[in-house]
Structure formats: C-alpha cells, structure tokens
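Could you put the whole structure together from the sequences, leaning on the hints where they help?
As you go down the protein sequences, you meet chains A and B in turn.
Numbering (the working numbering) for the first sequence: 70 to 146.
Numbering (the working numbering) for the second sequence: 7 to 583.
Incorrect hints may have been included.
Said to hold, decoys possible - For each label pair, taking beta carbons as the anchor points, the in silico distance ranges come out as: (1) B:175 <-> A:146: 51 to 57 Å; (2) A:75 <-> B:121: 52 to 58 Å; (3) A:75 <-> B:424: 34 to 40 Å; (4) A:75 <-> B:560: 50 to 56 Å; (5) B:270 <-> A:75: 43 to 49 Å; (6) A:87 <-> B:445: 28 to 34 Å; (7) B:565 <-> A:75: 57 to 63 Å; (8) B:533 <-> A:74: 51 to 57 Å; (9) A:146 <-> B:316: 25 to 31 Å.
Since the hints were derived computationally from the structure, they do not count as laboratory data.
Since this is a predicted model, take the numbers as computed values, not measurements.
Note that beta-carbon positions come from the ideal geometry of N, C-alpha and C, so glycine has one too.
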Amino acid sequence: MPTANQITMVPVVVDNDKCIADKGCRTCIDVCPLDVLWIDEKTGKAHMRYDECWYCMPCEADCPTDAVTVNIPYLLR
Amino acid sequence: MTQLSDITIKDIDVLVIGGGTAGPMAAITAKEKDPKASVMLLEKANVKRSGAISMGMDGLNNAVIPGHATPEQYTKEITIANDGIVLQKGVLEYAERSFYMIQKLDNWGVYFQKDETGEYDVKKVHHLGTYVLPMPEGHNIKKILYRRLRRNRVVVENRYQAIRLLKDDTGTVSGCIAVGTRDAEVIVIRAKAVVLCTGAAGRIGLPASGYLYGTYENPTNCGDGHSMAYHVGAELSGLECYQINPLLKDYNGPACAYVTGPLGGYTANANGDRFIECDYWSGQMMMEFYNELQSGNGPVFLKLDHLAEETIQEIEQVLHTNERPSRGRFHDGRGNDYRTKMVEMHISEIGFCAGHSASGVWINEKGETTVPGLYGAGDMASIPHSYMLGAFVYGDICGENAVEFARHRDLPKLDEAFILSERDRILAPLKREDGIPPNQFEYKLRRLVNDYLQPPKITKKMDIGLQRLKDMERDIEFLYARDPHELLRANEAQHVLDCALMAAKASMYRQESRWGLYHHYVDHPETNNEDWFCHVQLYKDENNEMACKKRPIDPYVIELDEEEKTAYQKMRIQKVS
Chain A
70 MPTANQITMV PVVVDNDKCI ADKGCRTCID VCPLDVLWID EKTGKAHMRY
120 DECWYCMPCE ADCPTDAVTV NIPYLLR
Chain B
7 MTQLSDITIK DIDVLVIGGG TAGPMAAITA KEKDPKASVM LLEKANVKRS
57 GAISMGMDGL NNAVIPGHAT PEQYTKEITI ANDGIVLQKG VLEYAERSFY
107 MIQKLDNWGV YFQKDETGEY DVKKVHHLGT YVLPMPEGHN IKKILYRRLR
157 RNRVVVENRY QAIRLLKDDT GTVSGCIAVG TRDAEVIVIR AKAVVLCTGA
207 AGRIGLPASG YLYGTYENPT NCGDGHSMAY HVGAELSGLE CYQINPLLKD
257 YNGPACAYVT GPLGGYTANA NGDRFIECDY WSGQMMMEFY NELQSGNGPV
307 FLKLDHLAEE TIQEIEQVLH TNERPSRGRF HDGRGNDYRT KMVEMHISEI
357 GFCAGHSASG VWINEKGETT VPGLYGAGDM ASIPHSYMLG AFVYGDICGE
407 NAVEFARHRD LPKLDEAFIL SERDRILAPL KREDGIPPNQ FEYKLRRLVN
457 DYLQPPKITK KMDIGLQRLK DMERDIEFLY ARDPHELLRA NEAQHVLDCA
507 LMAAKASMYR QESRWGLYHH YVDHPETNNE DWFCHVQLYK DENNEMACKK
557 RPIDPYVIEL DEEEKTAYQK MRIQKVS
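Okay, here's the thing in structure tokens:
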C-alpha cells in the first residue's frame, strides 16, 4: 500500500535557544499526556513529533526555562 | 516459538489501571488500608500530568456538605436528572462519603473556597439543590496526589497501555497484559484484584473542528477500560445515554455554567435572551440547547458582557489558569473579549462518561463490576453525574474493597495460550510492511459515528452505521504502525471501534426516547416507562457477540415526590404572557 508524507503545522513550538533537553532535561517530554514531544535527533532539543495535541499546557507550564509555547491548533483557531 | 518466559511478568496484590483522578485515590487508599500489600498504578501517560484533571480542576460540581445539602436530597436530584434510571444505592453511597472526601482532600492541602466565616462557600447551579464548591487554586491537585502516591509507596509504572484483562479458570480477574508506549514491550501484570480507572471514552465522536484530538475529554481517555471490561466479560450500562456537553464553539473547553453561573453568566440565544431555566448539564438541558441551535434564534452563546469588570476578571482568572488554561489563548486569537461580546457555543461530539452523564462499566455501591476481582471507578464506571469528587469517592471505595479482596486470594494462575496470542495480536501492526495508518482508520471510524450514531437517532441510519463499523473490523488486520507510538494509536483505535459499536448496539436496543438529547430516538419519540424503566446492560454473550439485556431498577432507597419527578422536564423558560 503506497503512503504519502504530508506536512502539518504543529501547535507546540520549542525555542531551541532556551531548551536544555541536550543537557538531559526531559520535563516536557515526561509530562505530555499524549506523548507527542520527543527529542530531535539532529539538535538534541525537544520538538513536537506528532500532531496529536490537546493544548492542555503541562509542557509549557512545567518547562524550567520557558522554552515551550503551546498554540491553538490551526484547525481550531 | 515464543514462550511465556520471554515476557516480563510482574506480580502484585492490587493493580490500578489509570492514574488520573480515581486511580491515584484507589492506589493510595489500598496502601493506607493495608500498607503491606503491594499496589501498582499503571498509567498510559505520566501520573504527574494525566487524565481529565492534568491541569487541575476549577471546582467541585457535586459537593454534598452538611448545612447546604443532604445525601438524600442529592440522591433525589440525581435520580430526577437521570429520568429515574439510576442505582440509587450507588448515588447515595457517593453522597454520604462526599463530605468525608472533601475533608480528606482539604487535609492534604487542596484548597476549597471559604467564605468570611471560614465555611465552605457553596454555590447553587443545579435545578434544585446547592452543590458547587469553587477551587480557585485547583491547578495543583495533581501535585498533591503525586506526593501521596510517593508517601504511600505505590509502585508507579508510566507509559504502559493496558490492552486486555486476564482471568483465571474460575472467571476471576487476574491482571492485565500491557504494552510500553515508547518501546512496544509487552508485559504481564499478574494481580489478585484490579481496579479500572481509565476515564471516559472521549474519542468516539469527531469534534466539529475535524481535529482528532480537539475532543471534550482528554483524548488519552479513549475507552481503553470500556473495551477491556467488555472483552473480559463485564457488563456495561447506559451506553445509549451519551455524553454530549455544551462547549465553546471550536474550543473544547466547557463554557462553564459552574464557574460563570454563580457569578451571573448564562447561556443565551442570538438575541441575548435566556432560554433555559438551569445551566446544569442534563440531557433535557442539552435538548433545549440543541433545539435553540437549530432554531431561528440560534446559535447559542455564553453571555458575560453584562457583568462588572471585576467579575469578569475573576472569571478569567479561574477559567484561564485552571483545567483548560489555553482557553484565554483561544479567545485572544479570535479577538473574543467577555466584556464586549457574547462567545459562540456549540455542542460536543458524543462520548461515554459517567462523570457527566450515566454511561459506563456497571458498578454497584461497592465499586464491584459484574466480574469477580474487577472494580471500577471514575468517569469510566456507571455511577451517574459523579464528576471529580465522585471519582475520588469511588476510587477510595474501590481501593478499600480491592485490597480486601486481594487479601483472601492466592496469586492466580496465568492463561499462557491467551497471553501469547494476545502478544502477537497487539504487536501485529508493527510487523507489517505497510497498511492502514491508525490516524486514517480512526478518522474514518469517528466520522462514521458522527454521520450515523449521534442524535437525533434514527433506526435506519444506525443500521447503516453499525454495518459500516462492522466492515471496519475487517480492516484491523491491515493496521500498520511504523513505531511504538503509532502502535499505541493503533491499539487505541481498536478500543474506539469497540466503543462505537457499543454506542450503536445500546442505542438501537432501547426503543424509546429518554434523557433529552442523549437518547433522542426519532423512531420512538416518547419516553415509555412501561417497557423501558430499566437499565440496558451490554455484554459479550456466549457466542462472543455483543448483546444487550434489561436490568430492573433496584427499589429506590429514597422515594421521589410526584412534583419533583418532572422538575428536569421543564427546562425551557416559559414566556411571560
């Protein structure tokens, strides 16, 4: 069965300058109920890998460096 | 050949599945009652931030506090709001333990609003009684629960999805099979008693926005427990009594009668007029809401623009920092300001949630399901309108009874053949080279639910819907996952499909209309107490088919007055002549 790669604008944005995931922080990844935040292997920073967001905000609220911003998904805005 | 010895098996006295609201309480109580017992809390996400209250809760919707309400009065009100179809003993048990639980939480550091004399500041939102207690600092409730879990040495396993319950040759539940959501490792947890606390089934219908995760419920609550209970042979009840809630249009946060109502906000039509007597969520209230949406006076709005600046600030403070804090961001994006205009509202997708309506895995007043050794609490279990406090109370009840059950039981024997075949079935989507992605499978399934199963319910439509859903069962063997995360979604989608089939089956069985919009059955528009004053139980029959049967209502422990019985039928505001 052939498949396609479709692009999606994701709601959660991580500021790579502030993110300290490369120093071992996993706070946002730990708290996300939907488990959609992962480490970007290229940068070592956190990023949203799956567009499955409840915009519930623990990732933003618990981030120790204020690196995470949760936007309302485009379909709802 | 796979051997059972290749699978990690963990032995435990009490297994609690689901670490949101009821689950932590069940685990904590089990340890408090028997500190020597081993208690595991299994959670699909992380207990620090999981479940319906991941960002806290803005208040208690059903506090039964001496001086403001009595357990008898509350039981009456919930009986009436559910058109009489309740296990009164179960509601009364909740009501009698409600105040004890508030005090317990208060002692743990949960802050409830108090008036100038230090008494609980209870507000009236329901039609008859006074039960709403604000929690302006409710955002920290998960932290408080987490501390208690640690202090009581509950074993916490995060990021495991329970897939099927196990039972021994006596038919008693003996644990579960679960899969790691990040590594796809299949494990078995052998337990002497199991408490299911998996929350609502919130991913049955598709939100009007089309965004799969823009659901009213936390989308992790997808009906895992409903599906597991069904497959292990437990009865589910009232599934035709859907949960449908009033929401802000496109934003899945409640419009919040409970927060804005006591401060003077209300639900209005396009003319700015009230059209319902009482904003408390009931099927009858939702019916009037739906009628107004369809009428020339629609759509429906949350009206706050008549309130004083300080009141609006108070509302914003609660609504934008608690439970669903991204609400403020949503309003900013749209240019909505409570001060200057009404905010458009809509109705949610359908779901199963005893927290707000009455559907779920059947439990009695002891938290027991119909399968020995299996208990249930919270949004997943059948005690109606139980909200967060009901989840805590029944978590407490289940924890106590499950640990007692476990005390009298040896470690059960495992069904090796079943475990091995389940392991292969669970992992199958990962083994395929290609196939149907879980997101497409789920989108189609939930779109079919909207097309055919949401009210107004029509026999022919539900027939077609049921057939289309059954056709989709054949697609399961083509589900394709590229990584453990997609496998999680593939397994969830199968539970969602089970729930959708249950919604159709139960709805078609009850051939009358009841609970306002929740079971608005166009082919049978009248309520028929002669034939249908009963529970509808759904279960897996001896041929492994989904079946329904009637269960008589247990004799009431608290009788209703004739006048009270119809109180919730008179929701629409009568025009002054």
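Which numbered hints does this structure break? none
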